[in-house]
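4 protein chains.
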Amino acid sequence: MKNPVFICGLPGIGLVGKLAAEHIIKEAKGALVAVLYSPSFPHHVIMRKNGTMRMLKNKFFLVRNNGRDILILVGDVQAMTPEAQYEITGKILDYIQPKGCREIITLGGYGTGKIIPAPRVLGSAISKKFVACYKKYGVIFGETKGAIIGAAGLIPMLARLRGMKAVCLMGETHGAYADPKSAQSIVLILNKILGLNVGIGKLEERAKASERFMKNIEDEAKKQMNYLSKGDDLSYIR
Amino acid sequence: MKNPVFICGLPGIGLVGKLAAEHIIKEAKGALVAVLYSPSFPHHVIMRKNGTMRMLKNKFFLVRNNGRDILILVGDVQAMTPEAQYEITGKILDYIQPKGCREIITLGGYGTGKIIPAPRVLGSAISKKFVACYKKYGVIFGETKGAIIGAAGLIPMLARLRGMKAVCLMGETHGAYADPKSAQSIVLILNKILGLNVGIGKLEERAKASERFMKNIEDEAKKQMNYLSKGDDLSYIR
Amino acid sequence: MKNPVFICGLPGIGLVGKLAAEHIIKEAKGALVAVLYSPSFPHHVIMRKNGTMRMLKNKFFLVRNNGRDILILVGDVQAMTPEAQYEITGKILDYIQPKGCREIITLGGYGTGKIIPAPRVLGSAISKKFVACYKKYGVIFGETKGAIIGAAGLIPMLARLRGMKAVCLMGETHGAYADPKSAQSIVLILNKILGLNVGIGKLEERAKASERFMKNIEDEAKKQMNYLSKGDDLSYIR
Amino acid sequence: MKNPVFICGLPGIGLVGKLAAEHIIKEAKGALVAVLYSPSFPHHVIMRKNGTMRMLKNKFFLVRNNGRDILILVGDVQAMTPEAQYEITGKILDYIQPKGCREIITLGGYGTGKIIPAPRVLGSAISKKFVACYKKYGVIFGETKGAIIGAAGLIPMLARLRGMKAVCLMGETHGAYADPKSAQSIVLILNKILGLNVGIGKLEERAKASERFMKNIEDEAKKQMNYLSKGDDLSYIR
Numbered sequence: 003m004k005n006p007v008f009i010c011g012l013p014g015i016g017l018v019g020k021l022a023a024e025h026i027i028k029e030a031k032g033a034l035v036a037v038l039y040s041p042s043f044p045h046h047v048i049m050r051k052n053g054t055m056r057m058l059k060n061k062f063f064l065v066r067n068n069g070r071d072i073l074i075l076v077g078d079v080q081a082m083t084p085e086a087q088y089e090i091t092g093k094i095l096d097y098i099q100p101k102g103c104r105e106i107i108t109l110g111g112y113g114t115g116k117i118i119p120a121p122r123v124l125g126s127a128i129s130k131k132f133v134a135c136y137k138k139y140g141v142i143f144g145e146t147k148g149a150i151i152g153a154a155g156l157i158p159m160l161a162r163l164r165g166m167k168a169v170c171l172m173g174e175t176h177g178a179y180a181d182p183k184s185a186q187s188i189v190l191i192l193n194k195i196l197g198l199n200v201g202i203g204k205l206e207e208r209a210k211a212s213e214r215f216m217k218n219i220e221d222e223a224k225k226q227m228n229y230l231s232k233g234d235d236l237s238y239i240r
Numbered sequence: 003m004k005n006p007v008f009i010c011g012l013p014g015i016g017l018v019g020k021l022a023a024e025h026i027i028k029e030a031k032g033a034l035v036a037v038l039y040s041p042s043f044p045h046h047v048i049m050r051k052n053g054t055m056r057m058l059k060n061k062f063f064l065v066r067n068n069g070r071d072i073l074i075l076v077g078d079v080q081a082m083t084p085e086a087q088y089e090i091t092g093k094i095l096d097y098i099q100p101k102g103c104r105e106i107i108t109l110g111g112y113g114t115g116k117i118i119p120a121p122r123v124l125g126s127a128i129s130k131k132f133v134a135c136y137k138k139y140g141v142i143f144g145e146t147k148g149a150i151i152g153a154a155g156l157i158p159m160l161a162r163l164r165g166m167k168a169v170c171l172m173g174e175t176h177g178a179y180a181d182p183k184s185a186q187s188i189v190l191i192l193n194k195i196l197g198l199n200v201g202i203g204k205l206e207e208r209a210k211a212s213e214r215f216m217k218n219i220e221d222e223a224k225k226q227m228n229y230l231s232k233g234d235d236l237s238y239i240r
Numbered sequence: 003m004k005n006p007v008f009i010c011g012l013p014g015i016g017l018v019g020k021l022a023a024e025h026i027i028k029e030a031k032g033a034l035v036a037v038l039y040s041p042s043f044p045h046h047v048i049m050r051k052n053g054t055m056r057m058l059k060n061k062f063f064l065v066r067n068n069g070r071d072i073l074i075l076v077g078d079v080q081a082m083t084p085e086a087q088y089e090i091t092g093k094i095l096d097y098i099q100p101k102g103c104r105e106i107i108t109l110g111g112y113g114t115g116k117i118i119p120a121p122r123v124l125g126s127a128i129s130k131k132f133v134a135c136y137k138k139y140g141v142i143f144g145e146t147k148g149a150i151i152g153a154a155g156l157i158p159m160l161a162r163l164r165g166m167k168a169v170c171l172m173g174e175t176h177g178a179y180a181d182p183k184s185a186q187s188i189v190l191i192l193n194k195i196l197g198l199n200v201g202i203g204k205l206e207e208r209a210k211a212s213e214r215f216m217k218n219i220e221d222e223a224k225k226q227m228n229y230l231s232k233g234d235d236l237s238y239i240r
Numbered sequence: 003m004k005n006p007v008f009i010c011g012l013p014g015i016g017l018v019g020k021l022a023a024e025h026i027i028k029e030a031k032g033a034l035v036a037v038l039y040s041p042s043f044p045h046h047v048i049m050r051k052n053g054t055m056r057m058l059k060n061k062f063f064l065v066r067n068n069g070r071d072i073l074i075l076v077g078d079v080q081a082m083t084p085e086a087q088y089e090i091t092g093k094i095l096d097y098i099q100p101k102g103c104r105e106i107i108t109l110g111g112y113g114t115g116k117i118i119p120a121p122r123v124l125g126s127a128i129s130k131k132f133v134a135c136y137k138k139y140g141v142i143f144g145e146t147k148g149a150i151i152g153a154a155g156l157i158p159m160l161a162r163l164r165g166m167k168a169v170c171l172m173g174e175t176h177g178a179y180a181d182p183k184s185a186q187s188i189v190l191i192l193n194k195i196l197g198l199n200v201g202i203g204k205l206e207e208r209a210k211a212s213e214r215f216m217k218n219i220e221d222e223a224k225k226q227m228n229y230l231s232k233g234d235d236l237s238y239i240r
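Protein chains in written order, with my numbering: chain A, 3 to 240; chain B, 3 to 240; chain C, 3 to 240; chain D, 3 to 240.
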């Protein structure tokens, strides 16, 4: 690979990171290069319309770019315990590091509880020296508070221990719904950072499909879960 | 064994899979061939009417068929964490694979929230190429949505990594009660798939006994659990 | 040791097993022979009136009897996950088996939700062949339903795999409060089974002290826990 | 190091221990000597105002004192499971023991539910023989009941198994809010015990900043958590 950069867009607030990453993969015709399964993902399998099932997973795609290669991680789910999050983050870094990745950009949403017409892209870097690198592309630093939950924060921090460069980019978002507008802001900034030329026209439409898809799965999974538990704490039937 | 097929009927929605599998074992005079215990099953033991206790367990039965042997897994319970579900599924496959099993059929219920007079059997296969194999017996594919929770989905998907053929058959069911009608549909389809000739006359009666038994155990276990916790989150007495 | 029998009286329904076991230790002047700690016990330490603290623990006492030695396990707490219950049960059996223990009697309460003036002792054995051994002493078999939760059931069942003889004796009890009457019934039966001559006069008084002690610790621990959590699900302060 | 004493001030009731320990580090110009991370801490990273993020962690500081060196542990968080608490406590002892630490003083709050104008310092030692050592400095023993939850109790008790001297000092506190007054009492007693001369003038102000900081992080983390869960028990988005 040519000096690859690693982009992570796993599910999170407003689905912002996931929508942006999936959109880039589609637009830039990314190729699937690896799949990550974990026994710490929920023990569910997803049923597809074509009569088949598939596991919950995370997927690595490779986008060949003129300037440099882009390795993008997207997925259905993140692990649910601290121990599993740490373990999986370690595995992800073990995978990308030998490929020559020296820079990591994780994507996410920053929930504000407000509807924001022109969502900005907020950043948080693993070290002060990297702030300027992204600021020049329009990322705003120093306006986020609190915690980044899950992979979007843990991957950069653990990458830091390996001497990598890393930042988390968060699109402002209401938080209560999937937000393609916020994902568009992310894509536009990534265009600049990575020298990409990804259009954002189809993002809204794709986001709707993606949100519908996720919501569908979750609603249906919840429905089947309810049939199993029936409000009981103790049930031998799982 | 003669080209064995593996059937899994663990507890789940409407007890459909468990009822169908147990009924076949009884009708076809299956022989107990192995027992599976796990420290990830609830730390309860079941008290029997004859004054003895027994552990929660899963059991493998062998049904000798003219065409091919049938290995059937039934049980009291499934594990409650993703990690344990993955581990136990691995152990199950480790057990059946060296016996020559190349085909897996897991059984379950598909909750609809409606009372269904003539429940259909819905299917989800691990790969498109297996859809046709079961469609011809009347299994309906492509009408299920959402997730299969637990062993009925995880066993087929992990079997896929071992190059096996696998499908999950789900009887339509309301979801709120044990459903022998749905289990009957499953049995009738399995008769066709496996060349069996299992009558369904006694299923309703057996289902009632089985449901009563399960409900009894669960109610009583819940009763004793309540005496232990008394609504407190913190209790040194477990 | 002289053909030792192992008695287990850990906390459970109505504190019946714990009260009976502790009473016998006191009356028969049992000597502390081993202590069991576990990282799966709650991460609390108990503060004593004399200004010192101590860990939550289980303790083994030895009662020298004319007929045969008696090894008695009592304690503050049981582990809270299935995996930990299995692990600790294994350790307990690893400890008692090389000492020559071939017989195990676990003690507990059987919750009925009713106040019972003359509580009977109900039994559940690991095998039909052991039912008669205890029936002759007045233990009633076949009247319990549902599940035994925790060590009182798991120790006998795992002992079974080691070829030992084991039974669980349960004193009938309301379930909502510590019940010395039920513990007295247990002690009287154990007197017969073990050829002991333990008086039950002081049990009520001891039970009151023991219940007060347990309740005190639990109430105070709960109080401090509440200060920590303040009804929040997320708190960095534990 | 010169006969070092180990002080532990992790988050807990009323933030008393944390406030006292951090104050001493600031006043006595403690130097950071080690950092402790754990995959059992929540999988969150903290965003700082300067546009960078940092991991949740515990930190060891060294205060050079005339009489003897003081090693002080403070941090954002404690682990949330018994198993992790035991493991981390072991690691802490593994770190301080080879440095020659023979004495451990853990700090905490003792919740009373009342506003206390002049909070006393209550103590609980690992053994009767150490009670007198701290009583002479004004620590009050024998007035605490119930349990010490987390590191403040577990570190001393596990240190006991290594033959160390250890005590937990608890400032009386209401329990519902961060309490600098209680922390001041702790600092004044530690001055006497350790021959320090730490002023308490700035503690109130520092406590306010520290409480604001903690509350801020927790509120913001909670906010982002809420965006993730939206009141659903089942969500593939974490």
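One should not assume that every hint holds.
The list treats identical chains as one, so a pair stands whether inside a single copy or across any two.
[Unchecked claim] Mimicking DSSO-like on lysine-lysine, the simulated pairs with C-alpha atoms at most 30 Å apart in a straight line are:
hint, residue 1, residue 2
1, 93, 116
2, 225, 4
3, 4, 51
4, 101, 225
5, 217, 4
6, 210, 4
7, 130, 28
8, 217, 147
9, 4, 147
For the record, the hints were derived by calculation from the structure and aren't laboratory data.
So, going through the hints one by one against the coordinates:
1. 93 <-> 116: neither (36 Å within a copy, 44 Å between copies)
2. 225 <-> 4: neither (46 Å within a copy, 39 Å between copies)
3. 4 <-> 51: Neither: 38 Å inside a copy, 34 Å across copies.
4. 101 <-> 225: neither (42 Å within a copy, 37 Å between copies)
5. 217 <-> 4: neither (37 Å within a copy, 45 Å between copies)
6. 210 <-> 4: Answer is neither; intra-copy 33 Å and inter-copy 51 Å both fail.
7. 130 <-> 28: Answer is between; shortest inter-copy Cα gap is 24 Å, intra-copy 33 Å.
8. 217 <-> 147: both (28 Å within a copy, 11 Å between copies)
9. 4 <-> 147: neither (35 Å within a copy, 41 Å between copies)
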